[in-house]
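**Student:** Line order of the protein sequences matches chains A and B. Note that my numbering numbers the first sequence so that position 19 is 19, with each residue one more than the last. Heads up: take any position in the second sequence, counting from 1, add 275, and you land on my numbering.
No lab work stands behind these hints: they were computed from the structure. Check before you lean on any hint, since a few could be wrong.
Pairwise CB distance ranges (calculated) [unchecked claim]:
{"id": "1", "chain 1": "B", "residue 1": "Arg414", "chain 2": "A", "residue 2": "Asp228", "range": "58 to 68 Å"}
{"id": "2", "chain 1": "A", "residue 1": "Tyr265", "chain 2": "B", "residue 2": "Asn308", "range": "15 to 25 Å"}
{"id": "3", "chain 1": "A", "residue 1": "Ile147", "chain 2": "B", "residue 2": "Arg414", "range": "44 to 54 Å"}
{"id": "4", "chain 1": "A", "residue 1": "Asp200", "chain 2": "B", "residue 2": "Asp363", "range": "52 to 62 Å"}
{"id": "5", "chain 1": "B", "residue 1": "Arg383", "chain 2": "A", "residue 2": "Val155", "range": "34 to 44 Å"}
{"id": "6", "chain 1": "A", "residue 1": "Pro31", "chain 2": "B", "residue 2": "Arg608", "range": "51 to 61 Å"}
{"id": "7", "chain 1": "A", "residue 1": "Tyr265", "chain 2": "B", "residue 2": "Asn335", "range": "22 to 32 Å"}
Computed footprint of chain A on chain B; a stretch qualifies when at least three of its residues, placed anywhere within it, have a C-beta under 8 Å from a C-beta of chain A [what the hints assert, rightly or not]:
{"id": "8", "region": "345–356"}
{"id": "9", "region": "369–381"}
{"id": "10", "region": "384–396"}
For every residue, glycine included, the Cβ atom is placed at its ideal position computed from N, Cα and C.
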Amino acid sequence: MTHIAGTGRFRPAAVSAAFLRMDFIEDISYPLSLILKELGTLAPIFISFFIGDLVGEAPEVGDDYFTFATIGLLVSTVLQSALGGFGGALQRAQNRGTFETLLVEPVPWPFLPFFMNLYRILSGFASGILVFLIGLALGANYIMGGIPQLVVLLVLGVFASTAIGVLSASLMVLAKRAQPVLTLYGLAASLLAGAAFSVDQLPQPLQWLSYAIPHTYVINSARSVLMDDPGTFSIPFDTAVIALVVFNILVFGTGMWLFNRALQYARKMGMLSGY
Amino acid sequence: MSAATTAAGVQVEDLTKTYYPSPGWMKLLVRSNIKQPVYALDGIGFQVNPGEICAVVGPNGAGKTTTFRILIGLTSSTTGSARVMGYDCESESIKVRRLVGWMPAEDRSLIMRLSCAENLHFHGRLNGMSGEDLSRRIRDTLAKVGIAHAADSSVFALSAGMRARLQLARALLHDPKVLILDEPTGSVDPVASHELLNLIIETVEEQGLACLISSHRLEEIEALHSHAILLDRGQIRYDGDLDTLRGDLDRPSIEIEFASVDDAGRAAQEIKNPGLGESVRLDGTLLSCVLAPGVTIGRVLVALEPLNDRVVHLREVQTPLRDLLAEMYRRERTDEASP
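Hey, can you work out the whole structure from these sequences and the hints?
**Tutor:** Structure representation (structure tokens):
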């Protein structure tokens, strides 16, 4: 069929494929960087393996620190990719001068965060699978029947992380450099969500604070579906799903609205291209 | 009938744009150097029809880029309206973006690690194109702009001229109805720039596009022989064709080289005395003269008849467009300053 000007419809699947293809080509253009990035993701598995030997059997971690820690690592790997993916892509596009070209394409602006983050989300999932497989190879004891529930939790967690990333990116459109906000959130999430230790090891006020972070629900519910004994702190699957759905409804909608508002404001002020 | 089939390519009416200083809370996020409102556009209006090239000319800060950015949706107007093929650039921005091919001034807008074909593929998919139609369009468009041989070369390996051609290819790929080219020859050498402009002229004619083009290279703008808009400090100072502008402002000039310095001096007197020359300048044996209004070169030659056999060389000098525009801006500013 021949293309007629102005008739090209917005096709989310085709646009997603175009962004994935572009980001993939860019990523494999720098093979060493790609390899080192993956190695950086995988190194903590081996650290957890040796810490597991040191910790031995502790009831807080279900008497199996290595399995406990690799689940935290797997979830963190996937969620951190989604969290920082859009901010990173936006900053790169602003630096390189390609952001305005994207804005001139006939793609609705509120959808851009999703498309620009898609490759990072999928590569985060790929790294997560690698963490899972290496964990298995090193002797982690996962309940295989819990994998479908894990996928549900990860998908909801990815949406939540993307939503937070979009909120931060809204600030970045105006402030131009707002990655520190995301870095701080990422650090807080690593500390409070209990990726490497049980949340009930934290002081009580920090435990309350951890309930405000989506990572906490995904990590601690993932342990409840993948481990026979998830330790002294876990969140039931149903509770985590409800909490994440509510979080996503509130924050994702707000994030997309804010991002569009930030773009419109920057457009009015004539500062879209500035950096 | 839809707006896109009935309207002018580009229609701008009473368009204003004021950039205001950032509010206090924004200063916490990023510093801005705008301390006072900047009136970038002050009620401009013009129209570009299908098949027409309109050159937008003006000094830095005249409002050229702001006008283009309003048309493609990258900034909003303060008041007035801008329409592309009948669609409002503010409220129907996505429809407008489908109909416009945009070539920004910076070649950084290309994705450097991707090949030429991959850049076009990405743009085509975002414009709803796919499959064999897209592949064929990529091949045809690259061939049209003369870089088919570089289809698989990464952008970072291309010369500035080839990047400019690729940017033009991207602007043309989705078969737009309006082309907006912001200094398309800015980073290109003179020969490549001449070829690029010829390509633009040819494409606009072939496809009946409405084309807005800005350039700092005035000789290029003049070579387009097109409709021109001269902007200065956010206002349109002239809207018409450059030949007419030249007719209004240009005074014919001649340079005559004589056999000796004495002959040149005598000739200068012959021209000055009856008031044939508005300005007469001597440089050794060379006499340069801007003719007074209404005076033809023939009248000067008649006045110099006794010296005709002493003339070594004679040529008409065309005033550079740059000087004409400077003259026009000077007159406008003098008029504004006078009570």
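**Student:** Hint by hint, say whether it matches the structure.
**Tutor:** Cross-check of the supplied hints:
1. Against the hinted window of 58 to 68 Å, the Cβ-Cβ separation of B:Arg414 and A:Asp228 comes to about 60 Å, which satisfies the hint.
2. A:Tyr265 and B:Asn308 have their C-beta atoms about 18 Å apart, which keeps the hinted 15 to 25 Å range intact.
3. The supplied range of 44 to 54 Å is met by A:Ile147 and B:Arg414, whose beta-carbon atoms lie about 45 Å from each other.
4. In this structure, A:Asp200 and B:Asp363 meet the distance hint of 52 to 62 Å, their C-beta atoms being roughly 59 Å apart.
5. Restraint check, B:Arg383 to A:Val155: a C-beta distance of roughly 36 Å satisfies the suggested window 34 to 44 Å.
6. For the hinted restraint 51 to 61 Å between A:Pro31 and B:Arg608, the CB-CB distance of approximately 60 Å keeps it satisfied.
7. A beta carbon spacing of about 26 Å between A:Tyr265 and B:Asn335 agrees with the range 22 to 32 Å that was offered as a hint.
8. Requiring three or more residues with a Cβ within less than 8 Å of a Cβ of chain A, the coverage given for the region 345–356 of chain B holds, as 5 such residues are present.
9. Here the region 369–381 of chain B counts 9 residues with a CB under 8 Å from a CB of chain A, which clears the bar of 3, and the coverage holds.
10. With 8 residues having a beta carbon nearer than 8 Å to a beta carbon of chain A, the region 384–396 of chain B meets the requirement of three or more and the stated coverage holds.
This entry satisfies every hint, going by the numbered hints stated previously.
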